[in-house]
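Chains as they are written, first to last, in UniProt numbering: chain P, 1 to 775; chain C, 1 to 317; chain E, 1 to 122.
Hints are computed from structural coordinates only; laboratory data are not their basis. It cannot be assumed that every hint is accurate.
What the hints assert, rightly or not - Keeping only pairs whose Cα atoms sit at most 25 Å apart, straight-line, the calculated DSS-like set for lysine-lysine is:
{"hint": "1", "chain 1": "C", "residue 1": "Lys172", "chain 2": "C", "residue 2": "Lys86"}
{"hint": "2", "chain 1": "E", "residue 1": "Lys95", "chain 2": "P", "residue 2": "Lys193"}
{"hint": "3", "chain 1": "P", "residue 1": "Lys622", "chain 2": "P", "residue 2": "Lys716"}
{"hint": "4", "chain 1": "C", "residue 1": "Lys115", "chain 2": "P", "residue 2": "Lys670"}
{"hint": "5", "chain 1": "C", "residue 1": "Lys40", "chain 2": "C", "residue 2": "Lys172"}
{"hint": "6", "chain 1": "P", "residue 1": "Lys684", "chain 2": "C", "residue 2": "Lys115"}
{"hint": "7", "chain 1": "P", "residue 1": "Lys741", "chain 2": "P", "residue 2": "Lys684"}
{"hint": "8", "chain 1": "P", "residue 1": "Lys684", "chain 2": "P", "residue 2": "Lys751"}
{"hint": "9", "chain 1": "P", "residue 1": "Lys622", "chain 2": "P", "residue 2": "Lys742"}
{"hint": "10", "chain 1": "C", "residue 1": "Lys30", "chain 2": "C", "residue 2": "Lys179"}
{"hint": "11", "chain 1": "E", "residue 1": "Lys34", "chain 2": "E", "residue 2": "Lys23"}
{"hint": "12", "chain 1": "C", "residue 1": "Lys172", "chain 2": "C", "residue 2": "Lys75"}
{"hint": "13", "chain 1": "C", "residue 1": "Lys75", "chain 2": "P", "residue 2": "Lys670"}
{"hint": "14", "chain 1": "P", "residue 1": "Lys141", "chain 2": "E", "residue 2": "Lys95"}
{"hint": "15", "chain 1": "P", "residue 1": "Lys716", "chain 2": "P", "residue 2": "Lys751"}
{"hint": "16", "chain 1": "C", "residue 1": "Lys53", "chain 2": "C", "residue 2": "Lys115"}
{"hint": "17", "chain 1": "P", "residue 1": "Lys325", "chain 2": "C", "residue 2": "Lys172"}
{"hint": "18", "chain 1": "C", "residue 1": "Lys40", "chain 2": "C", "residue 2": "Lys53"}
{"hint": "19", "chain 1": "P", "residue 1": "Lys298", "chain 2": "E", "residue 2": "Lys95"}
{"hint": "20", "chain 1": "C", "residue 1": "Lys75", "chain 2": "C", "residue 2": "Lys40"}
{"hint": "21", "chain 1": "P", "residue 1": "Lys670", "chain 2": "P", "residue 2": "Lys716"}
What the hints assert, rightly or not - Here are some chain P residues pointing at chain C (derived, C-beta under 7 Å):
{"hint": "22", "residue": "Ile395"}
{"hint": "23", "residue": "Gly655"}
{"hint": "24", "residue": "Pro658"}
The structure displayed is predicted, hence computed values, not measured ones. Where is the CB? At the ideal position from N, CA and C, for every residue including glycine.
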Amino acid sequence: MPLAYSLPSNLSPATVTNTSSLLRIISLALISGAAIASRLFAVINFESIIHEFDPWFNYRATRVLAEKGFYAFWNWFDHTAWYPLGRVVGGTIYPGLMATSGVIYNVLHALNLPVDIRNICVLLAPGFSALTAWSTYMFTKEMKDESAGLLAAAFIGIAPGYISRSVAGSYDNEAIAIFLLMFTFYSWIKALKTGSAFFGTLTALFYFYMVAAWGGYAFITNMIPLHALTLILMGRFSSRLYVAYSSWYAIGTLASMQVPFVGFQPVRTSEHMAALGVFGLLQIVAFAELVRAHVSSKQFQSILFGSVIGIGLLGALAFGGLTYKGWIAPWTGRFYSLWDTGYAKKYIPIIASVSEHQPTAWPSFFMDLQFLIFLFPAGVVLCFRELRDEHVFVIIYAVVASYFAGVMVRLMLTLTPVVCVAAAVAFSSLLDTYIDPVEPEASDAAASPAEGTSAAGAAAAASDAGSSKKAKKAAAPDPGVASGILAAVAPSGSGPKSRGIFGLDTRGLVVFNALGMLLFFVLHCTYVTSSAYSSPSVVLASTNPDGSQHIIDDFREAYYWLRQNTPEDAVVMSWWDYGYQIAGMADRPTLVDNNTWNNTHIATVGKAMSSSEEVAYPILRKHDVDYVLVIFGGLIGYSGDDINKFLWMVRIAQGVWPEEIQEPNYFTPKGEYRIDDAAPATMKNSLMYKMSYYRFAELFGGNQAVDRVRGQQVPKTGPTLDYLDEAFTSENWIVRIYQVKKEDPLGRDLKAANAFANGKKRKKSKPLSRRRAVA
Amino acid sequence: MLLLPLLALLSLPFCLAAISAESAHEKLVKLAASNNGLIKLDDSLYGLLTHPKRTWSASVHLTAMDPRRRCTPCKEFDPSFSAVAKAWTHVPQAQRDTHFFATADFDNAMGTFQKLGLQSAPVVHIHLAAEGDRRPASGRSAPIVYDFSNGFDAGPLAEQLSAYTPVAIPYKAPIDFAKYGTAAGVALIILSGIRFFLPILRSRWAWAAGTVLTSLVMTAGFMFVRIRGMPASGANGQWIAPGYQNQYGQEVQVVSFVYGLLSAAFLMLTLVTPYQTHSSRQRLQVYLWSGVIFVMFSVLISLFRVKNRGYPFKLLL
Amino acid sequence: MPATKTAPPAKKAGSSPLLSLWKAYNETTSTRLKTIDSFLVFLMLSGIVQFLYCILITNFPFNAFLAGFASCVGQFVLTASLRAQVNPANRNEFKEVSPERAFADFALGSIVLHFFVYNFLG
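Okay, chain P solo, but in the shape it has when bound (with noise of 0.2 Å):
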């Protein structure tokens, strides 16, 4: 028995074992460490700070909870959302995260350790992470072993697809689910390998946390009755699997109807019904094994397998026709989307219009996965090879997240920790072949291969933790590659192992490669975190002449001046996208939030905001806008501003006023979009391009502006407003509030009274206007 590198003798196995389990633990808390250490950069380049959009409606639904208790937060209507339809928040959010935080304040407080709420908001993200990095090693070693888990745990600490949504600040629900939803799957692996109700009670818990946590617990709804199915039709029915299904599902789905969002969904929407389905089935299918192992008469259990298939029929016919009486409503769009991808863009433009709802090109794959997105197929082949129970289910999780990881770039999360999972397989199969010292019999010393010497190889590699269980592959006589392939994908034959690898140049090779894979991994991680995922989009980061850097607070300031210098019930239209930031830093009600539940709602606000002076004023008046709030970019060259996002609101517009707004009136006749001189009318009219472009040419003095995020040249004669007075223009002008004037006190119309303002007194008009602002 030939080794490579001697190993030391003198250790008792026992010693072994022990040192290993320290090393695992002392590993994860590293790992964990890492964890929460790569996703503080945010809070380390700018501040403890909520970032983006949705996280500000957490935040403050978190405060309300951490304020007045669960009840209030339980009972809140909140009467600035919509303003003035209001929004009931209790059943309209999954409370999950916010009860996470919730108790996590209490539990601090009690230890009279005073956090701040905000804080626990930001660090959540973070502190989950290292929880999802252990859910994973749980996950992984139920799949091969723990030094597979270990990487796994590893590989989603730190890979960019899941820190893109678990940054610190990023207080969204994702900041939870992604640990529920792996710790859910480890768990249903779990009581499938174990047959156990107890681990099926514990998935149906974490199955309702999850429900609780995020929209996104479909996923799970519908991969375990995939998988429990796929096994069914594999022939691999067991009372392992009838008691892991069913326990889950009786628990889960009742626990799941209690959270008030979700409602009696689970038993009247087609999403549902897989679970239904498959559990009804299984009811069947665990009966007729229950006859059939009493009774032996051939012609009986034909007659039973057909009944089986028959009351199968039945049931989907069933499906069919409720579905079609309008008792289990079909899918919704939001999930409709996900299969015709058309769908969305042309039934429901609001969905399409969020850019993490935009499919995936292949750049995004790399950039969040790096070197796993290649390591995962053959993870998933190496999952055939042994084609467990459990390995069905990574294989069905890898093709269905692939897909839909594809449709939408927000759905890369889910395939984020597939993609470890199996990469992890993958990578740990390869350093156990090539670190195991043990070398087999070279068939050029020896003219026939020695069976004999060679099981006693094997025996002797039992006693490494890795290789025992790869000894049942057969050894192939003739050493050609292609008999290599023929006997890596045989099924396991009967002859002792003869498989290892020769001489310590090329393990040290392969090791060194695979090495040198994860130290790029790291720094690739490391870049794209630091650069692209962690900043708070609140508050913007440029880098000056010198090197250092400039930060631009352009939000905020403008937030807090509303909140210092507006009434408190002064109404603030702006597009949906920045609702819940207004709700949340200036606390004044608004017109429509990220919440987008009415879309009638959000196309009047659009429409507002495409249309004339004259068509926009009667809109703001009935609603009761005070003041307008424009996101503006052109100044600085903020891409993400109000007027690259205009064509939106044209669209949502359009399909509730067809006959008012046309997206073909905002191009030129040529199809450009435009913002010079060659614009169209319609465009220069809108409310939109005026707030943004008022006295913007004023700025460059004599010389051409130029909007520098179209890169073109604004006309010179800016546009004039008659409705509107300038309230509040930010530093660097990309956010600007408008005030929307009073009717006219002499009953005049306003533009009338405008141009007689003007005419008269030419030189009094700008004084006047900002004075005006200030009341």
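Chain P is already provided as a structure; the job is to place chains C and E on it using the hints.
Relative to chain P, chains C and E alone:
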């Protein structure tokens, strides 16, 4: 202020030339009936159809079907418009004669195109009634431009035009017999050959190949190309689309090939090479596959650097 | 649900296979399992009654109906799981679940289930 009389002056010959609205209507009804509900326009007929005192509405399709104009979208869209116009002929006469479908080809109605200042085709204008009880409340006389964002299909066209017709256009997409036929045929072949397909269905490696191919293609951005309708390659033969959130169809093939090769190299190292019992051949294989991994990874990184110019790392290339 | 499933074979194959099934069941099943089976039959009947009530009379407090029905179905499958786990014929399938462990699992599952049922009754 000078513009208004000028306009009036310009339209004067039109008004004089034009017959009264009633007789124009009769003529249009006849023309429509003679050609499957579709009126072929020239410059004078266009004036007739968009009569300033029209009591009818009209959908005017402005196109350029002559092969010399090389307008492929026109060719794609033309059948859809004709089909919708034909569907309109099935409406009861009372409503049918209040809305017309017309096509103006560039080569027959050059004056109209010039007057409208059109530089691209196809375009669909919807002229609302200017007089009578179907006159819109807004009194809008300028044509509404049809929005092609839903593609060139007849279904959405009929759906959107129905908003301007007195009754909805009874357009039904023709049943695609060819599609159903091939589907049924394929199903039949599979069913009859189930004996031969069953081993494939039962073979785990067939499934493995399917699974791996699917995930390779998906992670190479196949769905992006399909949903966005990206071309296989760009103009002047470049096959890498510039920009981070963008790609061409050929990139899917190249990237999935690179991924597949890297994946295969890893699998070779893990599964196949250890079975090689000839030590020198095994060494050769290990070096070969490690080299493949290193080189292909460098190629991949350099591809990525093309897409994402700020990326600071590189290997060989 | 098992009752409905036995119906079609009964019609086609006559009563003799059913009789032999009953006989085989009586002979090979231990008393312990029979107790569980009688509980299962009770749960099934109770579920059927509730379902009929919902269809024929009213489903008005829908959550109350769902809670009641789900408690029957849930208890049924948990008990069926217990039956599968303690069945000596399945010994080699449930290597890690001893009968005592199975009962503890069953108790835990039932408590959780009925906690949600209670919460859902409204």
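Right, here's what the structure says about each hint:
1. C:Lys172 x C:Lys86: holds, 11 Å
2. E:Lys95 x P:Lys193: holds, 10 Å
3. P:Lys622 x P:Lys716: violated, 34 Å
4. C:Lys115 x P:Lys670: This hinted pair holds, its Cα atoms lying about 15 Å apart.
5. C:Lys40 x C:Lys172: Since the Cα atoms of lysine 40 of chain C and lysine 172 of chain C sit roughly 23 Å apart, the hinted pair holds (cutoff 25 Å).
6. P:Lys684 x C:Lys115: Given pair lysine 684 of chain P, lysine 115 of chain C holds - Cα atoms ~23 Å apart, limit 25 Å.
7. P:Lys741 x P:Lys684: Judged against 25 Å, a Cα distance of about 21 Å means the pair holds.
8. P:Lys684 x P:Lys751: Measuring from Cα to Cα gives roughly 17 Å; hence the hint holds.
9. P:Lys622 x P:Lys742: holds, 12 Å
10. C:Lys30 x C:Lys179: violated, 38 Å
11. E:Lys34 x E:Lys23: This hinted pair holds, its Cα atoms lying about 13 Å apart.
12. C:Lys172 x C:Lys75: holds, 21 Å
13. C:Lys75 x P:Lys670: holds, 20 Å
14. P:Lys141 x E:Lys95: holds, 19 Å
15. P:Lys716 x P:Lys751: holds, 22 Å
16. C:Lys53 x C:Lys115: Holds - the C-alpha atoms of lysine 115 of chain C and lysine 53 of chain C are around 19 Å apart, at most 25 Å.
17. P:Lys325 x C:Lys172: Answer holds: lysine 325 of chain P to lysine 172 of chain C is near 24 Å, not above 25 Å.
18. C:Lys40 x C:Lys53: Judged against 25 Å, a Cα distance of about 21 Å means the pair holds.
19. P:Lys298 x E:Lys95: violated, 31 Å
20. C:Lys75 x C:Lys40: holds, 16 Å
21. P:Lys670 x P:Lys716: The hint holds at about 23 Å.
22. Ile395: holds, 6 Å
23. Gly655: Violated. Min distance 11 Å.
24. Pro658: holds, 6 Å
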